[in-house]
Each structure stands twice: as C-alpha cells, then as structure tokens.
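Here the structure of chain L is known, so what remains is to put chain G in place on it, guided by the hints.
Chains as they are written, first to last, in this note's numbering: chain L, -3 to 254; chain G, -3 to 254.
The hints are simulated quantities; they were obtained by calculation from the structure and are not laboratory data.
For identical chains, the list gives no copy identity; a pair is met inside one copy or between any two copies.
For lysine to any residue, the following SDA-like pairs were computed, each having C-alpha atoms within a straight-line distance of at most 20 Å:
(1) K21 <-> P150
(2) K19 <-> Q154
(3) K173 <-> L32
(4) K19 <-> K173
(5) K19 <-> P150
(6) K33 <-> Y61
Protein chains: 2
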Amino acid sequence: MSAIIVTAAMLAIGDELLSGRTKDKNIGHLADFLTLKAIDLKEVRIVSDEQDAIVSALNELRKNYTYVFTSGGIGPTHDDITADAVAVAMGVKIEHDARAMKLLGDYYKMRKIEFTPARQRMARIPVGADLIDNSISVAPGFTIKNVHVMAGVPSVFQAMLDSLEPNLVSGIQMLSKAIDSTFPEGTIGGPLADIQKNHPNTSIGSYPKFEKDKYSTQIVIRARKQDYLDNAVNDVNLMFKQLINSKNALEHKHDPGT
Amino acid sequence: MSAIIVTAAMLAIGDELLSGRTKDKNIGHLADFLTLKAIDLKEVRIVSDEQDAIVSALNELRKNYTYVFTSGGIGPTHDDITADAVAVAMGVKIEHDARAMKLLGDYYKMRKIEFTPARQRMARIPVGADLIDNSISVAPGFTIKNVHVMAGVPSVFQAMLDSLEPNLVSGIQMLSKAIDSTFPEGTIGGPLADIQKNHPNTSIGSYPKFEKDKYSTQIVIRARKQDYLDNAVNDVNLMFKQLINSKNALEHKHDPGT
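With the rest of the complex left out, here is chain L (with noise of 0.2 Å):
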C-alpha cells in the first residue's frame, strides 16, 4: 500500500524521561523507521504519567496525523496509566481483553509464574482494539483507530513495531542526499539559500559541526522525485567548485611569489 504523504507523530509517556533517570532511546529508532517506510514524523512529544496530559496530547496528535506512535506506560504496576488514558482520549470502555488474558495466562502458566491481579492488569485493553504482538515478553500493545500503543522498554518497543510494520501504509519515499564540506555554514549560507529558492521541490537541510576548533557542513537534500533531486545536487556541487576557485584565487593573489 502507498499513498502520497503519509504523517505521524510520536507520544512518549513517563516522568523518568522528564527527569533524566532514563535517556529516551524509542524516538530516534522510530524516526529511523519511519523514514525507511516513507511515512514522515512530523512532530514528537514527551509527557508525564499524568492522564489529563496524555489524553489532551493524544486527542490534538491523533487528529493531526496519519499516525500516533505512544511509548511507555503499559506495565503491571499503577503508575502505567496508558490503556486507561487512551480509552478516556477515545470515548471507550476498558475491559480486560479475553485475547490478551489467553496470551498472558498461557504464558504464565508456561513460566510457573502466578497471574497476579497486577500482571491481569496487563490484559486491559479499550474496546475495539487490535492486539500488537509482541515477541519479548508477550504483554501486548494495542491499536486503535489511527494510534497504536506500545511499551516504553526499547527492545519491546522494537519488537511491537516489527510485528505492525506490514499493517502501516507508506508514503512515497523521500530521496536524500547528502555532501559533506569543510566550509563553515556562514561561508556557503548566502548561496546555498539562493539555491533552495531555485529549488522549491526539495527540502536543503544544513548541518553545521563544530569538533577540535573547526567548523564543517553537511548539506542534506531530500525531494520526493529523482528529477528535483539531481539538479539541486548538482547546483549545490557547482557552488562547491566555485567556492574553491575563489578560495584558490584569493590565496594566489595573496602570494607575493607569483
């Protein structure tokens, strides 16, 4: 399936990540995702386990986006408040879910591990949602409607959006190149403005770096056909070749030897 433009927005749930305890690792793996399947993130927001919080985000993101990515809050324990905000944010019961109490229950059997009231908890899901497997540690996310609901344990995180990525649409891909140059942004700002100018079709990034006293650019084009992207490349590295030249000439005027 693809369809033009596909959009997303990212929730990330938990106080741990506002305090700095943990160091959020789930937006940039799904960042990285996304732009594989062609589906542009759009925006990112990180919030408390606080349920006004979560549902006032989800009801501006899910209404904004093709797709809302949540991370966090889906545990055993009273402070993971996810399924119970989600279902608030969409108008629907909770209940827990005769094909997650299965999962679980099976499971825990297996393990010799008693299904606790707290690990039922687990087994809460709104009503109408689709179950999002998950090959870790078996505790389901969840999808309803346009937000699909996942844990915050990153190799969880990861499993969930392996077993959702065949039920995502794509977007057409986004092409993207990227030169690398020693000129500093305030050398090549001037021109390299002119060019995107020239060159509405394509988005040019600039990304300076500043390592041991000196500074470098990585210019990175990206454009949704191959056509837009080869000319703003090739204007890009024509403002390269003549950056040089100067560079040359001023130091050979410079040169009293010559």
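Using the frame of chain L, we list chain G on its own:
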C-alpha cells in the same frame, strides 16, 4: 531565588531530529540540568523547521509553563528560522541586534574571517530580548519573556544553559530514593499500588528492566519533604521484606525433606 513549584517545557527544533539523521542529545541533558535546579520539566516537543509548527508549539508551551527552553535553528543558513518564528510568536520585530553585531563582528575580525551576510544573520534577534552568552562559538542565544532560545549543537546548547543558570528561579528540591529489586513488576504491582494510595504526597514510579531473560525492577520514590519520602521508603522496604519471607516460606513448604 526559589519558588514552590517551577515548571518548564522544552521545544527541540529541527527536521534532522525527526528524520533520524541526528539523535537528540539535548533533551536528556536539559532534563538532568533542570532536575538539579529543582525545575520540573513537564513536557517536551520536537517539531520541524516550519514556522507555523514552531509558532504554535511555542505559544502553547509558554502559556502553560514557567519557562520554555528551545534548541536548534539559530545558525546562519536559510533553514535556521527559529529567531524569526519566536518574533512572530511574541508579536515583536526582529532586527540585527547592535550587541550581537559587535560580538560577532569583533570575533570574525580577530579570526580574519569575512563577516558575511549569512554570519550577520546570526545577529538577528527579536526586539526586547536579552542575549545568552555562548563561550564556544560566540553567536548568542537569547531570552525573551519566559522563553530561552539556544543552539542545537550539544556543546553550544550546554554552554548556553550554563550561562543562563544564575538567572533561573529554582523550585523546592524534589527528594528521591531509588530501590533496586529482583522482583518483577507483576509481583509487586498490587502491594505497591496500595503504598502509593497510602502516601499521596509522594510519587512512586516503577521501572522494569528486561535483561538476559530476567526481569528486575527499580522503584523510585519522590517527594518534596523528607518525612513524606522516609515514610514511603519504609513501607516499600517492608513490602520487599514480606515478599522475601513469603518466598522463603513457599520454598520451605515445597521442600519435601523438611
């Protein structure tokens, strides 16, 4: 200076964060910094280099929190549009700021580098803003009302945050205690929920790990008064003692030799 509760939001700006090309390092750093400063980071957003996206996120966040910290988009190239977007959000003009022009002019003169129009772009600051020192690469950030606008390059972001630090109002320090346990969340979820109910002035978080096919859990108890913290910590320790005793009793019962 200290107030009871001081809140903050972060707005990270840049297409490169959403495409996965760059993995953000500023969110985690700001989270740690604010925790030490007893400022509660309540929300983080990442948006693309689009004026509407920046303006609308900024206007929501600056209304809801004591401070907003932004990262990214204040360099010399055409895709650096943060300063302009902040001016639009604030409803003020943006101009080549005399202080910033002098700072940058002197710096480039000293380094014998041409002060190009692109470099002068970094001196464009919304009218009424205070500058934020940048000990790494000179080009300043700025503060306007409750919004602190900083660079995206991590070393520069961190330097700007350090120069900003004395101007920030602190809250009352959040005290916290982490307790590691080998019990999985599914075992402690029930009693832990009761402890949270009995200690409403604390916030008790449960953070599962899953490594080498083994579950473990870290419990983090947070409170703004030592008494509240100590009482909840005692109850959590008591819970673990009881769980260990009942586990031993269970193993004893199952041992046919005794």
